[in-house]
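Residue numbers (the working numbering), protein chains in the order written: chain Y, 1 to 280; chain C, 1 to 532.
Incorrect hints may appear among the rest.
Unchecked claim - When the alpha-carbon atoms are kept at most 30 Å apart in a straight line, the in silico DSSO-like pairs for lysine-lysine are as follows: (1) Y:Lys90 <-> C:Lys318; (2) Y:Lys90 <-> C:Lys357; (3) Y:Lys214 <-> Y:Lys120; (4) Y:Lys218 <-> Y:Lys206; (5) Y:Lys90 <-> C:Lys328; (6) Y:Lys206 <-> Y:Lys120.
Stated by the list, open to error - So these bits of chain C aren't anywhere near chain Y, every CB distance computed over 12 Å: (7) Ala32; (8) Arg55; (9) Leu56; (10) Leu101; (11) His311; (12) Val335; (13) Glu364; (14) Gly374; (15) Asp381; (16) Lys480.
Simulated from the structure, these hints should not be mistaken for laboratory data.
All of these numbers come straight from a predicted model, not from anything done at the bench.
Idealized CB from N, CA, C, for every residue including glycine.
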Amino acid sequence: MIVRGRGARTVLAAALVLLASGCSVGSLRYVGMGIGDYTTTWTVGSCHRLDQPEEVDPVFPSDTSPAVPCDTPHESETYAVVPLTGAVAKQAHRPSPLWLERALTGACSWNAMTGYLGAKPLDALQDVGILQILPSEPEWERGVRQIRCDVLLGPRTSASVASASVPLHEILAGPAGDRFRVCRTGYQQVGCDQPHEAELINAWIKFTTAQLAKQTAKQQTHRIAAFCAPYFARYLGAPADRASHVVLAVTGKQVGQCWLTDAKGRAWSGSLRSGVKELP
Amino acid sequence: MSLRRASIAELPQRAWLLVRAHPAWATGFGWAVLMLVRLYVGGAVGLADNFDGHRLMCQLGVAPHPIPADQPLWAFITPRYDAYTWYGESCSAGGSGQPYLTTAVAPLWIAKFLTATLGNHVLGLPGALDLRLLGPVYIATAAAAIGWCVHELPGRAWIRVLLASAIGLAVADSAFALDFISPLSDPAGLVGVLLLVPALLRLLRVERPGWRELAAVAAVTVWTIGAKTQLSSLLIAVVPCLLARPTAVPRMLRRIARRRTPAAIFGRVPAAAVCAGLLVFTAGFQQLQPRWLNEIVLYDAYFGELLGHSHHVQADLKALHLDPQLAKAAGSNVVAPNTAAATPYYPDFLEHASFGKEMVFYAEHPWRLLGLTGRGLAGMDAPRPSYLGDYQADSGHAPYAQDCRVCVVEAAFTLAEPVRWIVYPLLWGGTLVAGLLLAIRKRRNVAARSVGGTLAALSAATMLQFYLVMFSDGQSDLPKHMVFTDFGTCLLGPLAVAAIVALDLATQTPLEPPSLPRQADPAPAAVAEEVG
Chain Y
1 MIVRGRGART
11 VLAAALVLLA
21 SGCSVGSLRY
31 VGMGIGDYTT
41 TWTVGSCHRL
51 DQPEEVDPVF
61 PSDTSPAVPC
71 DTPHESETYA
81 VVPLTGAVAK
91 QAHRPSPLWL
101 ERALTGACSW
111 NAMTGYLGAK
121 PLDALQDVGI
131 LQILPSEPEW
141 ERGVRQIRCD
151 VLLGPRTSAS
161 VASASVPLHE
171 ILAGPAGDRF
181 RVCRTGYQQV
191 GCDQPHEAEL
201 INAWIKFTTA
211 QLAKQTAKQQ
221 THRIAAFCAP
231 YFARYLGAPA
241 DRASHVVLAV
251 TGKQVGQCWL
261 TDAKGRAWSG
271 SLRSGVKELP
Chain C
1 MSLRRASIAE
11 LPQRAWLLVR
21 AHPAWATGFG
31 WAVLMLVRLY
41 VGGAVGLADN
51 FDGHRLMCQL
61 GVAPHPIPAD
71 QPLWAFITPR
81 YDAYTWYGES
91 CSAGGSGQPY
101 LTTAVAPLWI
111 AKFLTATLGN
121 HVLGLPGALD
131 LRLLGPVYIA
141 TAAAAIGWCV
151 HELPGRAWIR
161 VLLASAIGLA
171 VADSAFALDF
181 ISPLSDPAGL
191 VGVLLLVPAL
201 LRLLRVERPG
211 WRELAAVAAV
221 TVWTIGAKTQ
231 LSSLLIAVVP
241 CLLARPTAVP
251 RMLRRIARRR
261 TPAAIFGRVP
271 AAAVCAGLLV
281 FTAGFQQLQP
291 RWLNEIVLYD
301 AYFGELLGHS
311 HHVQADLKAL
321 HLDPQLAKAA
331 GSNVVAPNTA
341 AATPYYPDFL
351 EHASFGKEMV
361 FYAEHPWRLL
371 GLTGRGLAGM
381 DAPRPSYLGD
391 YQADSGHAPY
401 AQDCRVCVVE
411 AAFTLAEPVR
421 WIVYPLLWGG
431 TLVAGLLLAI
441 RKRRNVAARS
451 VGGTLAALSA
461 ATMLQFYLVM
471 FSDGQSDLPK
481 HMVFTDFGTC
491 LLGPLAVAAI
501 VALDLATQTP
511 LEPPSLPRQA
521 DPAPAAVAEE
531 VG
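Same shape as in the complex, but just chain Y (with noise of 0.2 Å):
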């Protein structure tokens, strides 16, 4: 067919420009947008590369990059998927990251991801975190209403991002979990695969105002100490009167803390919780 004239080429060409793009309006819809099928990986156990501030920043809720395997570099691994519910789930379309970071605080639970760390009563942990992962908006569209409770990683800095490169289920259970034990060497924070020269339990009180103000910094100190000892037995396992460590009672605005110190001074490495059970 010849078409003759400009003005019929013309209205030719914006018909199949036109016809053109209403082919391909569904090709269009991720244009500007990242790869892949926008599709979730829920499965418990599978672990994540997420080396970039926005892929962990709660206002790009979901993660559909492909897992990896879990003995190769990764930041968050998978401990639970629960059911969304409530009004958010309701929405047609996914609402908007701020009220949903809102509405789903506490979602995926603390406990369940320390249970799946390994962790016990009394382990303080330090560089962990969770990170909520929610259906990316085509999955929302079909009707996914899940969350995904990854365990995330620290610390992460503007220069780099903490990864691991083992399995983090049950990894409290032995040695491996000790970099997210809390210690400290002076009054430096370090993980207790660091040499350090006390190691933290979770355990703590708090003094009121009026006590701070009634009671000087030993009993205070006299006071917490009394307080920890119980605790420290039940952390190691052990008579409270082992004679290698000592309580050290630390006090912040209104809360004593426990430490566990060596009563030499001595600094280790490892936790005094999965593996060192004699100081050097």
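Since chain Y is already given, all that's left is putting chain C on it; use the hints.
Structure of chain C alone, referenced to chain Y:
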């Protein structure tokens, strides 16, 4: 030796001869060189990323090169980007699951190509994309627009060069030029507004606009609105200019357009079609904007601006048909501790709030516009964000140091701040009225019509842009959001001077100069035949 000395001595004369022979090319080239010097000599300067860069840069498959852990955020520019694979919604507008669509991505693809070729192999710039190679792309575009202005402005060559150079000076100012080396979409909008000036001058200058003039204005408008939706305000400038003069009547309509009135009506059919296309594009583009970003803007408009500056929050909430419990969030932004988004009333807000209802509120409470205008004018005293650094980390400058290699605009705006209620209304209103009078009363003179129309159009667009910002973002981050209002205001000065030149020319030569090319105009000929 003496020969060389003689040729060196002749350089200014030769340069002047070149300018006289090719004023547009010479001016454009000159400003390209000046802007290159301004942005790169002494170390590249630009604008740090305030986290808005991600939604745009991720589309190119890159992520910022990590900065040292002890470097404060936003303190320095971070021009280097490394290759990175973004999956799904991690590359979307604020995690909304919807793309951030902007024409600004096109110059970045060119910069990525330049980085892979020139940057990696010649300039020693590692990385997948270096924003220092984005600067030349925008500089070339801006220089082309300045050269084009020389071609379209009225008056003698030296006057046109001076007027275009005044525009060039505004572009090179620290208030705007730093955007050229940034991961933001603003520079695409800035060069778009700049290109619109000569495009409109050209459109209004020719006796019968042809498809080239219409296409140029349409393309520049699509580019500019496509860069930032807030630039939809340009339609108020573009649509009247497109419809101002009839084009040649399309062939298929010539039979019914023999008389003067039908010819005038049907002669505007092509321009009307272009206008309709632009309106459809703008409306469609607005619809494609991510809901989440619209939600933030709506929040700022209601809680930041309208309720945040209200003396009767409860009464205003009632007038807006919103829950009175939302009063606690008055003055907050969406991430503030007292944000309404954290309350159970937020879904109710999203259901009942809209920009349309906001406009109705202001129509019913017009005195509130006075305070809103005052806050906007006060915000114009700082034409660039002070919380973003301009230098590279290894430049030796302090964190958040502000570049001031060309600092005319900031100085002028700061000086105008105490008399802002006089300066801006006078400049905007004055140029609008003067431009309209010039364009209408001296419409038979090409210079007057062209400059007057462009001046009025730009003035109207600048004012509308001002109120669009205030009605949407409100007082939030005004130095950043007002960038196009500031830029439009800066362009009004040179165009106002051009209008004076045009008025002088119109007084001297009231009729259209015969040297201008006229296009075939079959409709009036047909009328003449009929009369004869």
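Status of each hint after checking the structure:
no.	hint	in the structure
1	Y:Lys90 <-> C:Lys318	holds (28 Å)
2	Y:Lys90 <-> C:Lys357	holds (26 Å)
3	Y:Lys214 <-> Y:Lys120	violated (36 Å)
4	Y:Lys218 <-> Y:Lys206	holds (16 Å)
5	Y:Lys90 <-> C:Lys328	holds (27 Å)
6	Y:Lys206 <-> Y:Lys120	holds (22 Å)
7	Ala32	holds (30 Å)
8	Arg55	violated (9 Å)
9	Leu56	violated (9 Å)
10	Leu101	violated (6 Å)
11	His311	holds (28 Å)
12	Val335	violated (7 Å)
13	Glu364	holds (28 Å)
14	Gly374	holds (30 Å)
15	Asp381	holds (31 Å)
16	Lys480	holds (19 Å)
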